[in-house]
Amino acid sequence: EAGVAQSPRYKIIEKRQSVAFWCNPISGHATLYWYQQILGQGPKLLIQFQNNGVVDDSQLPKDRFSAERLKGVDSTLKIQPAKLEDSAVYLCASSTRMGGARGETQYFGPGTRLLVL
Amino acid sequence: AQSVAQPEDQVNVAEGNPLTVKCTYSVSGNPYLFWYVQYPNRGLQFLLKYITGDNLVKGSYGFEAEFNKSQTSFHLKKPSALVSDSALYFCAVRDGAAGNKLTFGGGTRVLVKP
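Residue numbers (the numbering used here), protein chains in the order written: chain A, 1 to 117; chain B, 1 to 114.
What the hints contain is simulated information worked out from the structure, not anything from laboratory work.
Over the 12 Å line for every Cβ pair with chain B, so calculated as not near, a few chain A residues: (1) Ile-12; (2) Ala-20; (3) Asp-63; (4) Gly-72; (5) Val-73; (6) Thr-76; (7) Lys-78; (8) Leu-84.
Pairs of lysine-lysine residues, derived as DSS-like cross-links and limited to a Cα-Cα distance of at most 27 Å, are as follows: (9) A:Lys-78 with A:Lys-11; (10) B:Lys-22 with B:Lys-101; (11) A:Lys-83 with A:Lys-44; (12) B:Lys-101 with A:Lys-44; (13) B:Lys-58 with B:Lys-69; (14) B:Lys-113 with B:Lys-58; (15) A:Lys-78 with B:Lys-101; (16) A:Lys-71 with A:Lys-11; (17) B:Lys-49 with A:Lys-44; (18) B:Lys-49 with B:Lys-69; (19) B:Lys-22 with B:Lys-58; (20) B:Lys-77 with B:Lys-22; (21) B:Lys-101 with A:Lys-62; (22) A:Lys-78 with A:Lys-15; (23) A:Lys-44 with B:Lys-69; (24) A:Lys-83 with A:Lys-62; (25) A:Lys-44 with A:Lys-71; (26) B:Lys-49 with B:Lys-77; (27) A:Lys-44 with B:Lys-22; (28) B:Lys-101 with A:Lys-71; (29) A:Lys-62 with A:Lys-44; (30) B:Lys-77 with A:Lys-44; (31) A:Lys-44 with A:Lys-11.
Note that beta-carbon positions come from the ideal geometry of N, C-alpha and C, so glycine has one too.
Sequences and hints are given; from them, build the entire structure.
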């Protein structure tokens, strides 16, 4: 079974530029998550999709971050404009069940390492 | 609100010795607990989880974890550590009474010396 795919793996941009990350979840996984992992910290949930609908985006900085999952499969996360503090690893994860399956395991992609200069 | 604490930033252990990585949690409902491992420049890999039932959970690569409700702990253990176990370990919790958001601890770096 193929894992969660993410691209690019690394990205360096200057502040105030825009950037986009792409995620392809495990086939058949209905739920998709985007996490931000700042160096030395645990991952923090940014947004959760159930198919193509948003379940939780309470921690997404909506003035600069946006995400979509138009066809319920792939997803993109965008930052515009980027700030220095956005330097982090952006992790995508997916799981099979619909919301409410609290014992469900999330499977993570390799992440995109973003450096904002 | 749910939370997770990993009190040790780093754990050093000699190869062949037992390894323990500590985790305590706080939830209002039933806890669902997870351990993940992260190798350099890699994503998180699932090790094991506790949902219900037996308090001792066995997972990948010889790891196990013990759920202790009275101490609100879920420590990760391995009887005999390998150099290849050197990595960053994350404990995570999902509160059964608060949706299915997963909250991670700050991570513990494990260094196994030959």
